[in-house]
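Engineer: Got chain C; can you put chain Y on it based on the hints?
Residue strings, one per chain:
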Amino acid sequence: MPPSNSRPAISRPPHGTRTLETEVLVIGGGVTGTGIMRDLALRGIFSILVDKRDLNAGASGGNHGLLHSGGRYAANDTETARECMAEGDILKRIAPECIDECGGLFVAVEGDDPDFAESFAGYCSAAGIPSEALSPAEARELEPVLSDKTFAAYTVPDATIDPFRITLEQVNQASDVAGSRFLPHTEVIGFAMRDGEILGASCRDNRTGEMFAIRARQYVNAAGAWAMEIARLAGCDSVRLIYAKGTLVISNSRMATRVINRLRLPGDGDILVPGGTVSMLGTTSDRVTELENLRPTVDEVDRNLAEGIAMVPGLATARFIRAFSGVRPLLMAADSGADGRKASRGFSLFDHKDEGLSNFATVTGGKLTTFRLMAEKTCDLVASRLGNTSPCRTAEERLPVGDALRWTTPGFAARYWYSRKDPTDAILCECEMVPKSAVDSIVDEAPGAEDEMTLRAIAVRSRVGKGSCQGSFCGIRVSSYLYDRGIYRSPAGLGHMRDFFAERYKGILPVLWGKELPQAELAETLHCGLMGLDLAEPATVADDETDGGAA
Amino acid sequence: MEFTQNRSYSTRLAVIGSGLAGFSASIFALDRGITPYQIGNTGPLAYTTGYFDLLGYLDGAALADPWAGIARLRAEAPEHPLARVSDADVRAAFSRFCAAVTEMGISYTLSGGENLRALLPAGLSKPTLSVPATMIAGVEALAAREPALVVDFVGLPGFSAREFAANFKSIWPTLEFARLGFPEMETGAEVYPEVMARALEVPAHREALAERIRGAVREAGEVAFVGLPAILGVHAPDRVHKEMERLVGLPIFEIPTMPPAVPGLRLRELFEQVLPERGLVLAPHRKVERLELRDGGAILHFTDNFGEVTVEAEAVILATGRFLSGGLAAERGGIRETLLDLPVEQPETRADWYREDYFDPRGHAINRAGLLVDDAFRVLGPDGGPVSSRLFAAGAVLARQDWVRQRCGAGIALATAFRAVEEAAALLEERVG
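These protein sequence lines are chains C and Y, in that order. Heads up, the first sequence is in the numbering used here, so the first residue is 177 and it goes up one at a time. Heads up, the second sequence is in the numbering used here, so the first residue is 17 and it goes up one at a time.
Pulled out of the complex, with its shape left as it was, chain C reads as follows (with noise of 0.2 Å):
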């Protein structure tokens, strides 16, 4: 076996393109993905990770970050219902600053079936999760943001996670525990192929262009919504899935201490998630073909508010701050419906041996809250075929708490400020509270931070950006102070901004009415009238100046 505690060896070949080589490759930054090389990682196998964009930037980084208690799918998949229960129990051992154990509640409203309701106990026993039922008053003395029309309610164990806390400290103690290494904005686009194994991965910089190529003794496909993309790259057409984009919504207040669930079958906006300060409502369910550019819309926001109201009648005034969309990657059965709601939200590993291939595997289907037991199942066969017996050890072993990977909790950056007294260490967004200091740790320490980080790049490892103003501020302040700090050195570091404010804005939009539009209008006036971002691309405004002359 390679020695595991290693950088990757790099040659160059004759033709000039640079190889690295690892133990295992593994496609995708998503929580499971991550998972993987974690999990590898503690049997002692050093993997590279690549991601054609950022971490989680699929549907890791577009859910509502439920720990499903299992009640959701207690009453139609009560093995998906177990597997909930049990792996929420196991993640709340290892990574307990990752999560809220706020507990939930399942309600049903007028016009909800009674029948339904009165048999959602039996499936929670069924399923092994634990719940009790409250009178009506019970329940909304508990949240007094339910509806009067509230019937039927029962609590069970649901929590929150940050489901970008987890994946950075999944990256983290795989590099510091194998010497495992992340590569953001690399995508593979194909693979070389001999004798019913997969020889290299060839590979694109998305920033730079460059064209790279990584060998390894194991290839994972854990792409999530678009491991069916990489399946075929390899010559592989078991992995069939169908695209299920979901749309939430976010308040700017909590609104409920627990998570609020509808109390009938999965449909639209009869999920409300407490996260951190704010509450994430929906989600929508719709059939999409294509994976890239999606974008929440003004529909789905409104399809979510039509059903969340109902439950929580003060959803009709709440104010939002912004939408979001995922991708549900669901494996492809006769039965799916028509949006996807009755697919199944169990996994599959695909080994790939019918198709031929022995040193490539696709996981792919599942659910946030059963990652982690997708990581294990497939690293099973991955050490297995690299002949590495060690047991997995994801479901014991603590995930290390490191200084870069506190940013992503909400409330965590204001505490830390306070509790430190240093007023030389500025806040860059007054929202979120997060101080110059978050952001140095971050650009000096945090997974991806060996290359000039994208104001985007530290949002995904911060609250920078996800407060009431959207990052229209601390935009601003945060990219000012990367030029002080020398990272950003030309224009570029304006480009990084430009990106930045119209990726938030993709959210925002669907939400723009009420208290919200004021503050966009504001942003807008910010952005162009006083920072001049819609000009001109900032790269070529040196042509522009040239060309209208100085007057």
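Derived from the structure by calculation, the hints contain no laboratory data. Glycine residues also receive a C-beta, built at the ideal position from the N, C-alpha and C atoms. A hint or two may mislead.
Unchecked claim - Only part of the chain Y face toward chain C is listed, based on derived beta-carbon distances under 7 Å:
{"id": "1", "residue": "Leu140"}
{"id": "2", "residue": "Glu179"}
{"id": "3", "residue": "Glu206"}
{"id": "4", "residue": "Ala346"}
{"id": "5", "residue": "Glu361"}
{"id": "6", "residue": "Gln362"}
{"id": "7", "residue": "Arg366"}
{"id": "8", "residue": "Ala367"}
{"id": "9", "residue": "Tyr374"}
Structural biologist: For chain Y alone, coordinates are given in the frame of chain C:
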């Protein structure tokens, strides 16, 4: 104990709004011997750069000549508010307003001609018509690519001299940057432009800062200009600016900063202080809660610390601004005018308000929503005719313009306020006659 009392006033002209359109309307009215009653909330002036743009961009392309741009609007978008004001009136509005502001104590360049290229904080520039005297040296330094030293301050977030220099570098390679501690505010804790600006009204602080700047200039080598964020005083910026230039021994220019920014605070405080001395009855930081149209005019209702106030006016100019200022409100079902529920020209559905791309050079449809007016700037009602012969509108609340993207905010404010006042004055004269 109850302090509330009901008070009623009457005025010939009520101006609702406290942005550039509202204050310029009051200035133009005072010029004509009309004493207006102006009510407006805290106002958007704190968000301005201090530049007065006439028309800087059309279809995403910079305009060196704003007058040619207005001529194009007349041909291509005749209902754009700027297209409905004659060049002579636009010129009159700008020259009277800039002269009035200069005379009140903040000098502005009087320009009738080409757009100037004015500096923006991140190292870009924009076309504008008129700039404060404290900023004009920056226009000249950029035009001549003169060696300049740009200074920022320890503890001032959001303004980086290094960023400014890095982004101008390709066209202005002689820019140098330095960071200084502001005298007595150099602990590293956050400092605010307004606080620094007020500090610089004290001679000792100017001397201490000038000494530091001189040191930085010596270190930088060849320097012909010094650039600072806009902090040169709130009440007497011209004096502070001249004094600093004398002490440093070089021309100095200010660069706009993020809000709340000093150039806007200067204008607001100036208007609030000087205009009442000239007779304006000003209820600042108040919001008109209700407006009733009557045959002979209108009645305005608002509340101050002592209770309810009503103002009976013979004519009213709505300069209430857009969403940020509260003139328009957006609901899930549509856009509303907030005082009289006047018809708002707007896209059919909420899904049409915005384009997909934030920075789309065409701007967003919602920015062009607003009130429609006739050629006399009287607000149009649902039947297409004026709601009242006595109700006028001016400024950003007007439809069919995009002041942010077209860089025509001051242009629209001044030109339409000028026209609305002309028409209101004619109406009032008629009545008197």
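Engineer: Next, verify each hint and record whether it holds.
Structural biologist: For each hint, the structure was consulted:
no.: 1; hint: Leu140; result: holds, 4 Å
no.: 2; hint: Glu179; result: holds, 4 Å
no.: 3; hint: Glu206; result: holds, 5 Å
no.: 4; hint: Ala346; result: holds, 4 Å
no.: 5; hint: Glu361; result: violated, 17 Å
no.: 6; hint: Gln362; result: violated, 12 Å
no.: 7; hint: Arg366; result: holds, 5 Å
no.: 8; hint: Ala367; result: holds, 4 Å
no.: 9; hint: Tyr374; result: holds, 4 Å
Figure legend: structure checked against the earlier numbered hints; hints not met, in rising order: 5, 6.
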